[in-house]
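Construct the complete structure from the given sequences, taking the supplied hints into account.
Number of protein chains: 2
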Amino acid sequence: MPSFSWRFIINPEFWFSEKYTDSCGITFKVRSVLYTKESDFQRIDIIDTYDYGRVMLLDGLVMYTEKDEFVYHEMITCVPLFAHPNPKDILVVGGGDGGTVRELGRHTYLNSITEVEIDESVVVAAKEYTPFTGCGYDNEKVNLIIGDGIEFVKNKNNAYDIIIIDSTDPFGPAEGLFSGEFYSNVKNALREDGIVVAQAENPYYDPKWMMRSVNNMRKAFHNNVECYLAYIPTYPSGMWNFALGYKGKKASESFDIKRYKNLNLHFRYYNKNIHRACFALPEFMKEIMQTI
Amino acid sequence: MPSFSWRFIINPEFWFSEKYTDSCGITFKVRSVLYTKESDFQRIDIIDTYDYGRVMLLDGLVMYTEKDEFVYHEMITCVPLFAHPNPKDILVVGGGDGGTVRELGRHTYLNSITEVEIDESVVVAAKEYTPFTGCGYDNEKVNLIIGDGIEFVKNKNNAYDIIIIDSTDPFGPAEGLFSGEFYSNVKNALREDGIVVAQAENPYYDPKWMMRSVNNMRKAFHNNVECYLAYIPTYPSGMWNFALGYKGKKASESFDIKRYKNLNLHFRYYNKNIHRACFALPEFMKEIMQTI
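Chain order of the listed sequences is A and B. Per the numbering used here, residue 4 is the first one in the first sequence, and the count goes up by one each step. Per the numbering used here, residue 4 is the first one in the second sequence, and the count goes up by one each step.
Worth double-checking, as some hints may not be accurate.
What the hints assert, rightly or not - Non-contacting residues of chain A with respect to chain B, defined by C-beta distances greater than 12 Å in every case (computed): (1) S26; (2) V36; (3) L64; (4) E123; (5) Y132; (6) P134; (7) D141; (8) I153; (9) K157; (10) K159; (11) D196; (12) N218; (13) A233; (14) K250; (15) I260; (16) R262.
Claimed, not checked - Now the in silico label distances, taken between C-beta atoms and shown as ranges: (17) S42(B) with K261(A): 52 to 62 Å; (18) E69(A) with E184(B): 36 to 46 Å; (19) K264(A) with T294(B): 21 to 31 Å; (20) K289(B) with K261(A): 49 to 59 Å; (21) K261(A) with H225(B): 29 to 39 Å; (22) H269(B) with I260(A): 52 to 62 Å; (23) K211(A) with V127(B): 32 to 42 Å; (24) S115(A) with V36(B): 51 to 61 Å; (25) K211(A) with R34(B): 19 to 29 Å.
Hints listed in this document are in silico derivations from the structure and should not be mistaken for laboratory results. The beta carbon of each residue, even a glycine, is placed where N, CA and C say it ideally should be.
In structure tokens form, the structure reads like this:
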């Protein structure tokens, strides 16, 4: 055995990789694993990373990172809110990290914010380890219900102005949130002028998954569905799609500039020009939307 | 030694990783390495991959992939071409893979397409191993000059309508293409209404590099500079920035719809709505552009 002076002290390097397919993905170095739990629904990990700050993984997939979660959470809230003529009551399905209700809480003109999250463990972990999103639950307007969003919307009629589907990917606990029956119930739960928004995957790696929610939304909303995009570097391809169904005016052509200016919030991604620009889709994506 | 029946036959897996920082990056599986050369300027590799088809690496960094090169090459050509009122003579600095001149060649209203590429080995490799870009040189209008673009533009006055800086990253052979002196010479080489476009990195990982070309372009073009964005999944962050300097009208407000309609080309990314939308910048990027 060599003496101590011969030895090199090498710190182990821990890297996380998320595979986008069997043969490609993102990889990043992990400073430490802060939390790990097998809940009733999924495996939850919260890790601290060098490049992205704290990151929540569900079943080994990146849900959000401290560095870029602002893009997702601003874009899933601001676009429907400012496209709607007068939103008052909002329902969030999923969104257990709190980032979506945190953003909704900044829109002080809202009356109520209801969230139905199936996995309480996600909420508990986010409050403890990612307070930058978990702080969303500190707002008194936020009413958190632990339960199944699919069951919850079944009995609702004419109850909400906007419904936000802030779900995981379309397998495992979130699978039903991409189905046709669910969107049909969502439509009934919406009032006149109502808008539904769902995170809807990406067209580069997962065009079929993307189109599953888009097509089911189209059936329920008589083709009154638009997609919009945002740059999210820690999601597959960096090009993230949101599907939006509307009962009133076309969302891409509606923008309540008066409310936007009066509110005078400081956003980090969203602005007036982004509101219109995010609906401009590249040709290859329009082709996917016509053929799948 | 165990007998043959005991042995597992395991094919080796080769993975390529490009690090965006010391602690994060993209990783993908390689089917085979088709070509490797140390040229006078850089190391060139062409690899075949499972997800992205053929990929050219220069000094170990992804230059383009068969799957998504269309985004970069359409966006670096169509935006200046349709923003300009009447482009006739185009200069490309760099672009040795041929993708940019391939796209320019489709715009049949152009008189001349000149490319100055410093590294002939890149052109030779692209023609042989990535004919989907190398085919750009088959067009008789394309005049390829092997030489130093920095020297080339020094002696040019009032010679081009559009100059496209299709370079590698701002270190190594391309470093001078991000300098103030270079952009000053580019401005002199442009005619009235002239436009320069340069690939200009990304705001998530490399805001300082991004701002180096933007700021030097601003000095030469008296702040008549705009940035525009495209989704390119195999470039760092997937959010790619182009810097555009103009001598005539503001590019984001100029679009020659008549020429666009007459030409009637099938693009895979670019379209009328993208032309305007790509200039809409997220708030955090506008802040970077005001502070760095």
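Name the hints, by number, that the structure is in violation of. 1, 13, 20, 22
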